[in-house]
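Residue numbers (our numbering), protein chains in the order written: chain A, 1 to 250; chain B, 1 to 348.
Bear in mind the hints are in silico, worked out from the structure with no lab data behind them. For every residue, glycine included, the Cβ atom is placed at its ideal position computed from N, Cα and C. One thing to keep in mind: the hints can contain errors.
Said to hold, decoys possible - Rough simulated footprint, nothing fancy, chain A against chain B, three-plus residues with beta-carbon under 8 Å:
(1) 172-179
(2) 182-191
(3) 228-234
(4) 272-279
Unchecked claim - What the simulated footprint calls covered on chain A by chain B, stretch by stretch (three residues with Cβ under 8 Å from a Cβ of chain B suffice, anywhere in the stretch; the number is not a length):
(5) 55-66
(6) 226-232
What the hints assert, rightly or not - With a straight-line cut-off of 27 Å between C-alpha atoms, the simulated BS3-like cross-links for lysine-lysine are:
(7) Lys213(B) x Lys157(B)
(8) Lys24(A) x Lys231(B)
(9) Lys313(B) x Lys43(A)
(10) Lys157(B) x Lys153(A)
(11) Lys24(A) x Lys153(A)
(12) Lys231(B) x Lys161(A)
(13) Lys25(A) x Lys213(B)
(14) Lys130(A) x Lys155(A)
(15) Lys161(A) x Lys313(B)
(16) Lys313(B) x Lys24(A)
(17) Lys267(B) x Lys161(A)
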Amino acid sequence: MDRIRTIIIEDEEPARDIVKTYLKKFQDIELIGECSDGFSGVKAVNEMKPDLLFLDIQLPKLTGFEILELVEHSPVIIFTTAYDQFALKAFEMNATDYLLKPFSSDRFDTAMQKALDKLKSKKSEGPVIKKLVETVDEKSETIDRVVVKTGSKIKVIPADKIMYIEAQDDYVMIYAEESKHLKEKTMKYFETHLDNSQFIRIHRSYIVNVNFIVQLEHFSKENYLVILKNGAKLKVSDSGYKNLKSRLNF
Amino acid sequence: MQHPVLKNTRSLIIYFIIWLVISVLDLLFIQSGYHFNLTDCIIGSLTFNILFAIIGIAIWYVVQYSYPDKIGLYNLLINHISTAVVIVIIWIASGLFIIKNLTDGLLYEFTLNHIAWYAGLGIVYYSLFALIFYLMIYNHNLKERKKNEDKLLAMVKEAELNLLKSQINPHFLFNSLNSISSLTITNPAKAQEMIIKLSDFLRYSISRNSNQKSTLKLELENLQRYLDIEKTRFGNKLNYIPDISEECMNKTLPVMILQPLYENAIKHGVYESTEPITLTAVGRMENNFLSITLTNNFDLESPSKKGEGIGLKNIKERLRLIYFSEGLLHVKRNDNKFEVKLLIPQNE
């Protein structure tokens, strides 16, 4: 049987130890890497392309879900989490396996068996992971940061630093103060998850951060433009104008 | 509470139907006992009854205003007696006026001669109105009270549950148990030690209510347990340097007031960092205040997460409620250091 190349992404050493201990009895497993934070985790998965991944949700730098948004490779994943009721629901809905800490070796074996079956069937995990990320996206919590990738560099952009977001077919372009980034998420996602008191949908193609608006220009009968600190001019639609009006109280 | 008659069209209609019935009964009574022509009788009964129906609506406001608990029985009686007198006078006067102009003299003469009767009837009507209105208010208040009681009970239950939940941080608990689970294999003796520490920590945490006071010595002992447990998870990433002067040890402070500060420092410092984090705690007496300053460095590259402020806000609020004082919690944040200073008054 081919060796199953495995990476563990977990920041607490005792938690890594126990996974390693439980893995000992699986002889085909080859542990090729251990990471204790999100950035090195993304790097390791993209570079080493493991078959199997043990992924913790709570990590320094990036959460387990943010890591999934950024990896280009789709290994079979076993999630570990101490307490995250939402995550549990997301996992159950997408038939990915998860381990609740602390877990017994029997429970571990069950998860491993599922993973081994998946690996044998050679079906791509890509769609499963995509579905999982979508389920997580539906969580209606406000996000305060966005993770983007430029080449091999990962950037975490605090929401406050986003000037505006522009629609680009299936993607969006996020304009931060000093850079712009393409991200594979919808305008609706950002409209729902960014703080409504700070971010307003002014047009089908634009969501703007009010803190970067310097002027609202009325350039013809029904047409308005917002002018941002960096000089950018964005079109405002009728409904967008209503949104601006109610939010900015004028 | 809304006016029982005026609150909607339906009640208004029912009210006037009742008065119509009373008018008919009154009519029959007058007709049978006295020999006036039918038209006069109808006018007579309708006049006085409809008049009282209208005037009676105002009695509600006197009743509402004269609630016994609010103004005392004496004032209540004064209000009602004076109002009743005025109402009856107005009622009889207007009634007489209408009758005089709509009928021939007979009914008018009759009414005038029996004015005492009418006055009596007026008082009876007034009393009935007042009584019924009081009963309605009483019943309404009873229902309101029951509703409030149920709501309060539910709130208390929820608060108790939340208190319990907040005292046991699930992430901390399950991650600690996971570490202990791992230690049972790699270092069973240490696992046993950790189980005892965790158990002692939880016992101290959940067995107090938020008004209770403890000594700094006991609080620091509990914090040491907490930090020992966290250290098994984070190893060298977590370093703790206490610097507490001896005189502070027996001073009092609210129980478990320091633990959320340490937890906050670990959550925003250690969790998010890939570098070692150091927590320093300095305890000194400043005049009559016990001053405790907790400092931690943090990873500059770590994106700051929201929620940092909420834990601190709760502590500030708790201090305010216990000591009736503002300004007992100070936060300073510069470069890569985060500092929280607590001032606990000692003059009790």
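Hint-by-hint comparison with the structure:
1. With 6 residues carrying a beta carbon less than 8 Å from a beta carbon of chain A, the region 172-179 of chain B meets the three-residue requirement, and the given coverage holds.
2. Given a C-beta distance limit of less than 8 Å, the hint that chain A covers the region 182-191 of chain B holds, as 4 residues qualify and 3 suffice.
3. With 3 residues having a Cβ less than 8 Å from any Cβ of chain A, the region 228-234 of chain B passes the three-residue criterion, so the hint holds.
4. Check result for the region 272-279 of chain B against chain A: holds, 3 residues qualifying (beta carbon to beta carbon below 8 Å, three or more required).
5. Interface restraint, the region 55-66 of chain A with chain B: holds (3 residues with C-beta to C-beta distance below 8 Å; minimum three).
6. Under a criterion of three residues with beta carbons nearer than 8 Å to beta carbons of chain B, the stated coverage of the region 226-232 of chain A fails, only 0 such residues being counted.
7. For the suggested pair Lys213(B) and Lys157(B), the alpha carbons sit about 24 Å apart, so the restraint of at most 27 Å is met.
8. With a CA separation close to 26 Å, the supplied pair Lys24(A) and Lys231(B) stays within the 27 Å bound.
9. Of the supplied pair hints, the one linking Lys313(B) and Lys43(A) is violated, its CA atoms being roughly 38 Å apart against a limit of 27 Å.
10. For the hint pairing Lys157(B) with Lys153(A), the CA-to-CA distance comes to about 50 Å; that exceeds 27 Å, so the pair is violated.
11. Between Lys24(A) and Lys153(A), the direct Cα distance comes to roughly 34 Å. Violation of the 27 Å bound is thereby established for this hinted pair.
12. Of the pairs offered as hints, the one joining Lys231(B) and Lys161(A) is violated, with about 35 Å between alpha carbons and a cut-off of 27 Å exceeded.
13. For the proposed pair Lys25(A) and Lys213(B), the alpha carbon gap of about 52 Å is over 27 Å, so the pair is violated.
14. For the suggested pair Lys130(A) and Lys155(A), the alpha carbons sit about 21 Å apart, so the restraint of at most 27 Å is met.
15. Straight-line distance between C-alpha atoms of Lys161(A) and Lys313(B) comes to about 25 Å, which keeps the hinted pair within the 27 Å bound.
16. Taking the CA atoms of Lys313(B) and Lys24(A), the gap is near 47 Å; set against the 27 Å cutoff, the hint is violated.
17. Between Lys267(B) and Lys161(A) the alpha-carbon distance is near 23 Å, which keeps this suggested pair within the 27 Å criterion.
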